[in-house]
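**Q** Chains as they are written, first to last, in our numbering: chain A, 154 to 484; chain B, 13 to 375; chain C, 49 to 571.
It is worth saying that the hints were derived from the structure and are not from the lab. Some hints could be false.
[What the hints assert, rightly or not] Restricting the straight-line Cα-Cα distance to at most 16 Å, the calculated cross-link-like pairs of lysine to aspartate or glutamate (EDC-like) are:
no. : chain 1 : residue 1 : chain 2 : residue 2
1   : A       : 341       : C       : 166
2   : A       : 466       : C       : 153
3   : C       : 135       : A       : 468
4   : C       : 196       : A       : 468
5   : C       : 195       : A       : 468
6   : C       : 388       : B       : 258
7   : B       : 206       : B       : 131
[What the hints assert, rightly or not] Chain A regions said to be covered by chain B (calculated; three or more residues, Cβ under 8 Å):
no. : segment
8   : 249-255
9   : 269-276
10  : 451-458
[To be verified] Calculated Cβ distances over 12 Å to all of chain B for the following chain C residues:
no. : residue
11  : 314
12  : 336
13  : 427
14  : 508
Cβ atoms here follow ideal geometry from the backbone N, Cα and C, with glycine treated the same way.
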Amino acid sequence: MNFNLIRFIQAAVSNGAPLLFGTSGEILTEKSGNLNLGVEGLMFMGGAFGLAGVYYYDKAAGDSVSVVTATIIALLCAFAAGCLGSLIYSFLTISLRANQNVTGLALTIFGTGVGQFVGEYMRTTSAGSGGFISVSNTLKEGFIASPFPKAMQGIPVIGPLLFSHNFFVYLGIAIALFLSWFMGKTRKGLYLRAVGESPATADAAGISVEKYKYLATVIGGGISAIGGVVYTMTIAGTVWMRDGLSGEGWIAVALVIFCLWRPINAIWGSVLFGGLMLLYLWLPVPFIPSQIYKVVQYMVTTVVLIIVSMRQKRENQPPASLGSAYFREER
Amino acid sequence: MNKKDKAPLIRIAKRSKSVLSPAKVWAIRIASLVIAIIIGGIIFAALGANPFSAYGLILSSSFAKATGRRQVFKLMIPLLGTALALAPCFKMRYWNIGGEGQITMGAMAASYFALFWVDRLPAPVLLLVMCLAGALFGGIWAAIPAVFRARWGTNETLFTLMLNYIAIGIVAWLQGGPWEGKPGSQLIPQFKDKALLPRVMGVHCGWIIVAVLVVVMYVYLNYTKHGYEISVLGESENTARYAGMDVAKVTVRTAFLSGAICGIVGFMLASGTNGSLQSTIANGAGFTAITITWLSQLNPFAMVAISLMMAVLSKGSGNVQTTYGIPASISGIITGIILMSMLACEFFVNYQVFFRRGKEEGR
Amino acid sequence: MDQKTIDPKHIHAKEQAVDMRGITKRFGPVVANDNIDLYVNKGEIMALLGENGSGKTTLMNMLAGIYMPDEGEILVDGRHVTINSPKDALACGIGMIHQHFKLVDVFTAAENVVLGLEEGGRLDRAEIAAKVSAIADKYGFKIDPNKKVYDMSVSEKQTLEIIKVLYRGADFLILDEPTAVLTPQEISHLFDVLRAMKADGKSIVIITHKLNEVMEISDVVAVLRKGRHIKTVRTKETDPNALTEMMVGHAISLDIERQSYDKPVPRLTVAGLCCRDNEGVSKLDNVGFVAYGGEILGVAGIAGSGQKELLESIAGLRHVTSGSIIYTPDGRVPMDLVGKTPMEIRDSGVALAFVPEDRLGMGLVGGMGMTGNMMLRSWNRGKGIFVDRKSPEKMAKEVYKNLEVATPDLDFPVSKLSGGNVQKVLVGREIASSPSVLMSAYAVRGLDINTSYVIYDLMQEQKMKGVAVIFVGEDLDVLLELCDRILVHCAGKVSGIVDARTASKEEIGLMMTSIGGEEAAGE
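So that you can see chain A by itself, here it is in the shape it has in the complex (with noise of 0.2 Å):
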């Protein structure tokens, strides 16, 4: 057994990279006080109109096609999908009031559909491609290439760990960071985590409880979404694999208690996580199955969850309206 650590943190790295984006996006919408179980969905419809738009913008540009654009193209597309996903879902629990689990599980079932559909229909319809769609090696090898120069790369130790990953794992990061500094430092960030934790209080002190809720779970869905599309287009190798997406935003649900609730968490957490996912294949233990290895993060996230509420500390718990709905008038 020859167990490469570097390359194995490696690997774990480019396979949380998904889960980072959900993560993160999942946060932003839950430090809001609503609990989007759509993310699933959300990240479903992410990787497939992100596909479908490089997919068609690669059959458009033929050979002059550009990797920036089409990382561009990617992330809008998916973006705009989570968005109008979690606006769908925002609609109904901010605005009608409907119960954020079952509408979650509503929005899973949509989006996995919806998802589901337009990955086959473009294999069905994409003629001569023998019923198998894929984008042009210049894409594929441009979304798995690292974005720092080959220099960086060749440092030992440092470079691999530190500089060769795709360029969504360096995005990801930034939005972690950026949301942490946003919720920790800035006053947005602040009203932020007082409408969910309290949006009689917020709104009290003049805070505009749905502008922000909406806000937070466009945006986080958007986010989430885009995981969907970095599965597809790094893991996937630009192409549609229900079964291997599928889970994911689970997965990224599981993550975000696991966090507490904290973005900075996220970044090493989706790397734990990923690491956990391929651990099975990296350092296989005789008497420990590759099943149950697939379990552990789910097991650790429980664990997590029951000593976060065993211990009572109060910086640690869920936001305290999570799940449930704010209707001014019922004061």
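Chain A is fixed; fit chains B and C onto it per the hints.
**A** Just chains B and C now, kept in the frame of chain A:
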């Protein structure tokens, strides 16, 4: 202050004294369903299929032939069974979204006896043991988070969600490991006939269990001491304590009951529908059932109608794919639209909306 | 300010801080405010007086941007304004301190203070803390800007709420029942602060139904009754009796006629009672007293100093760590209630009617009707798995008839009944079981005067039947008039038991804050 005088465009108030009549409530709900179906029709049309014939096909493939009807019932049984199972939890305001895992654990326990005790027990005893084992395991799987919730207030929504994946992982391990049939197949062998639920009118007899359960659950929730405890606890934990109820006991017992019924559903899926065990055996029933339970307002009879509708959509979309070349995942889209539309309509049942009057206010 | 007659038409608009004209607000068929004209002058403290349900809070909520008036107009500093939201209100310089504090528990004082201020960008915690301290110094508040709200006492939270609106530059403050949760000493400190703010030119409205406070702090009094503005008078030119008459619409006696029961017998003997809460914090420490049949034993104390825990321990709802509760029913052997289940204790004749802050959280099920709520006592009776609906229904009918509960039918959800009727259902159910110990906590919480007196009469009636009544109350005036003896709680201990016929309010107030009423040296 130079801001324009304006009243909000829309003002919302909770319906309190002016509660709608049941007829109006159902009119709103049916209208929302019709709207959802129309939206679905537009999607069909956009994809080049005549919406009327597409819907016609969905209905005719479900009901025209006996085979179609049987398939619909097969799909409906786990949905309805799980929806019934979740009702007491939801009435207690306990968010058990772990139906998926409880079904899987129940199916696993039942399968153990189907695989390893099949030659040692007579058929009726075997089936009974399978059913009880399924109930026990499903129940325990649901009771674990309830214990933590009762003792430490651990969030049950997230806990039950995690347990789904752990349950599925355990079965996946059995499937590829200890219980694997042909080495390398990653499949658990088919059960022997003795371990299969007998058929009644062409469908495994699970439907009888579920049909009985509809009535039993209705009575349980509305007329028993347990049902009363559940409703009080759902409204206020303090009041339940005040009335001398053992909150922890009621929480755990109700979760166990809910999980046990899910476990029985798992048993029916393994023994009746599939004749074997797979890690994907629940196939989303635990999640879909949550929406059914909620939309039926915890009324077991409404659950029958809604789960039937879900089953028809799911069955019919397969035929839509073969006939029109529209991917079967269209059923997810239409189901999603129907669910969202019905969730939206509850708002109009519970709230009153006032639009700003035509005249400009202020000066 | 030289006007003597108070009629809006004669007052010059410039001196008015806020002027409300023809305000009407309806909630469904209920008219909460009916064509109200009311103004407040600058640099004055107005007491807004009225019974519960008279529309005081609703009216002020329209100034604070919580509700929108259905009709009418609001002028601030002589200009027409539309207040759609709390933000608009603050932009007009109006800030409201609600009865239920609106604070985020996991935030610090400073973070709470800046909530909602329209200042984008960075959050400079040091700068905010400095500003908060400056305001606190100016008016004589004590506050630690970096303390988390969940570590604060009620009085600290109220201070924080006031600082919050001052920080926003409010010069018109509305305080909704600010004294309900404070000790007499804290109240006098609050009043000092209010006077300091008045001297600084701020206008203040305090919503209250306590007449002595009205007389002490206000310059003018506006009285509301059943959603109508009855009259505004100068405080100096009126007296409590006149105000009461305006408030209730007819002259009523404020005195409770205390009757004496001839031969009180020891009914409940509590000794060495200790208990802890879930976090292990001691809530009751060596509590001992005797409650007699045929007397009303009042329990006074700062909110949260163990009154709730005491009643819960007796009712078997709370685990007792040590001590005994000996209960002596008529003609039966005395028994220790410690270790018995709530059901056993209740069946032996000890009843508890606890009215929590939200009225419904404990003792009643909001979504159920009267019958369903009567069942809370009897649901476990009888064999078999089904609940018996017959006898609770009979009981519901009796309570409905005897206490004149206004409900459309016995299955109408009690959460949709008015506060008074909700409490009648609760107290009525406990009395209907003919208990020999009746414990009630905050039984008149939120009730208007007439309904309060119905409840007081019920308590007396029980006392005269030989029942041991334990009455936990908030209003010291009422306790002194209604009870025979008063047990004063201080931080989980019995600070002392006084004779209600001879004790004074100040004496009790001191006992609430320190054991035995001795001022601790250096405090």
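**Q** Each hint should be assessed against the structure and marked as holding or not.
**A** Verification of the hints:
no.: 1; hint: A:341 to C:166; verdict: holds (9 Å)
no.: 2; hint: A:466 to C:153; verdict: holds (12 Å)
no.: 3; hint: C:135 to A:468; verdict: violated (28 Å)
no.: 4; hint: C:196 to A:468; verdict: holds (11 Å)
no.: 5; hint: C:195 to A:468; verdict: holds (14 Å)
no.: 6; hint: C:388 to B:258; verdict: holds (13 Å)
no.: 7; hint: B:206 to B:131; verdict: holds (9 Å)
no.: 8; hint: 249-255; verdict: holds (count 6)
no.: 9; hint: 269-276; verdict: holds (count 4)
no.: 10; hint: 451-458; verdict: holds (count 5)
no.: 11; hint: 314; verdict: holds (26 Å)
no.: 12; hint: 336; verdict: holds (25 Å)
no.: 13; hint: 427; verdict: violated (5 Å)
no.: 14; hint: 508; verdict: holds (25 Å)
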